[in-house]
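Protein chains: 2
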Amino acid sequence: MQFKTILKNPAEWMLSSGPHGEIVISSRVRLARNLRDISFPGWAVEEDRMEILNRVKPAVENLTEMNGAFSSDLSNLTAVKKQILVERHLISREQAAKAAGSAAIMNRKQTLCVMVNEEDHLRMQSIKAGLSLSDAYKMIDEVDTKLESTLDYAFDNQYGYLTACPTNLGTGMRASAMLHLPGLVLSEQINKVINAVNKIGLAVRGLYGEGTEALGNLFQVSNQHTLGEQENEIIARLEKVIRQIIEHEENAREKLYNEKQTILDDKIGRSYAILRYGHIISTKEALDLLSMLRAGVDLGYFSEDIRALIDVLFMEIQPAHLQVFADRKLGAEERDSLRAEIMRDRLKSLPEPSKFSSNKSNEQSSE
Amino acid sequence: MQFKTILKNPAEWMLSSGPHGEIVISSRVRLARNLRDISFPGWAVEEDRMEILNRVKPAVENLTEMNGAFSSDLSNLTAVKKQILVERHLISREQAAKAAGSAAIMNRKQTLCVMVNEEDHLRMQSIKAGLSLSDAYKMIDEVDTKLESTLDYAFDNQYGYLTACPTNLGTGMRASAMLHLPGLVLSEQINKVINAVNKIGLAVRGLYGEGTEALGNLFQVSNQHTLGEQENEIIARLEKVIRQIIEHEENAREKLYNEKQTILDDKIGRSYAILRYGHIISTKEALDLLSMLRAGVDLGYFSEDIRALIDVLFMEIQPAHLQVFADRKLGAEERDSLRAEIMRDRLKSLPEPSKFSSNKSNEQSSE
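Protein sequences, first through last, are from chains A and B.
Numbers given in our numbering equal positions in the first sequence, counted from 1, plus 1217.
Numbers given in our numbering equal positions in the second sequence, counted from 1, plus 1217.
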């Protein structure tokens, strides 16, 4: 598979809607693994890093899951192409900055990706649409089991899998879900929810992981602890909390719909309007506008048909995607203008929001 | 004429476009006069004020110019009705607050209005569309001359007409033009222009006169000095400065159109969009949106047909007009919602802005 195939095709999880797809965009499980008897990447010299790459890359490429995969040493990719992989949540921002010996191998559907020589020797992840943490875990666990039969993992009987950072020790697993929470943001309950989630040992982060801002009302919820619990237990606990957040979000939306409909009409109407008629739109504003459009689909202002288009636009309006689209480097002003142009074009035949298609909310109320 | 006739009909100057109508909304000339041998209003007791009213009101009502006029003691009008007259620039905010003895008499076209017992015994004004200061002066001068033949004005051979505040002494005249200056605001040259105008002894004020904010990119430019110059001289000097401001505004628009068209496309597109699809709009935002729509007409984004509609909306979306429309007192939230509803309704068949109808700008460039 070539890079342009990735470019042309959004990931499978983006095009489909999974369980609780109105609120949960995607579920992701990442495992950190290291080889025994060779320095961890932070300590490894270039020779070590190449040795790791030479051992890991063929093992990953040989997996049946990676049949027809895209596989590349990151040193062979331009900055923009690496940024594309970041914007697709396939590699981390940290990985994109890494030098010799770093590589990424991903399957055709972009649901599986293995990074080599990121913070650990191997960082492997799976992404599924909707609230599908167990399925995502199952998918990456199979990959991990196969790799374990050919690679000699650093494993300790007391501590479990050894990792570069102690916060990953044990299972080496980080499970997370990307939640779309416009209801909790609009009704100003989001901070209360984040604080409560933090208190029980889970993390809430922005669109691009640790230290990033929550744009477009999108929040990643993940486990903090990796040690002392089985993978299934961690996932079950995380999923339980996410189900509670979903319930809070549904209640917030219902309350807004029933008691503050004018505010929703206004926010959704303005977002539709600016997406249709704006000519200069920043990434941050675009994500907020698309977020309200998605909420509009959930609440019956727009047809369900456009949900996948919105989810794809969330990705396509990112800076690197725009530059690949334009086939040249773009300054910030040019990006803001092209971003607006693409959205106007994609949404030009979208009928105006109709406040009368309120069946959706009635369904919710009667649940 | 009854109050409801005023309500139903916008003023003549609002429905027509005068000289330089793209930039000059209206021209206004106001004269301050007082009767001899009776206390000025600020000093007058109620008995004096009633005496003034009894002398002045019939004299004004008898003018042929006031044939079929609306004439009312302000104590007979509700707060909302008085506010309507303020929003139409027919009486001052100060006059609206005045008690016994205050009255206002205005002609059918709402181009002439005489206030009784405002800061002076008589405050009479004329309003014309566009840059028409001489015509406006001529109109009010005729009224003044006729009144002077029946009323005994306080006049001093050295100082001219005597007034309550010394800043009005002499001619008692304040001539002003309402300018729409989005080009100078968008290109951030407006403060430079205001400072220059202030330095040569003219005043620049907001939409509702002294101490009010410049909303909707609307600015009133008027003479500060009333003493030591003939009325014609004051008006000629003011008009000369206004012509210079017009030139600056035209240059600013041309430069924006030629060099920053995307910014114009964005501002005008967004304003159109929010007016068409917003559901909660404050007075301030509405004035800014309508301002950009008017600029859109000037620059050929919209047809000339809607100019009068925009100018009428500038008035109709004001708080008192909304409450008369709703026929009840409205809270701020209800007003913001009704304001958006009225604008959506009035503009629902307005075609979307077209950046290709750029003849307008070419015309300007070749001037």
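Among the clues, some could well be false.
Identical copies look the same in the list; a pair holds intra-copy or inter-copy alike.
[Stated by the list, open to error] In silico DSSO-like pairs for lysine-lysine, Cα to Cα no more than 27 Å straight-line:
| hint | residue 1 | residue 2 |
| --- | --- | --- |
| 1 | K1477 | K1546 |
| 2 | K1501 | K1477 |
| 3 | K1274 | K1472 |
| 4 | K1221 | K1416 |
| 5 | K1477 | K1326 |
Derived by calculation from the structure, the hints in this document are not laboratory data.
Each hint tested on the structure:
no. : hint          : result
1   : K1477 x K1546 : between (44 Å within a copy, 21 Å between copies)
2   : K1501 x K1477 : both (25 Å within a copy, 22 Å between copies)
3   : K1274 x K1472 : neither (52 Å within a copy, 58 Å between copies)
4   : K1221 x K1416 : neither (44 Å within a copy, 63 Å between copies)
5   : K1477 x K1326 : neither (41 Å within a copy, 42 Å between copies)
Going through the hint list in order, the structure does not satisfy hints 3, 4, 5.
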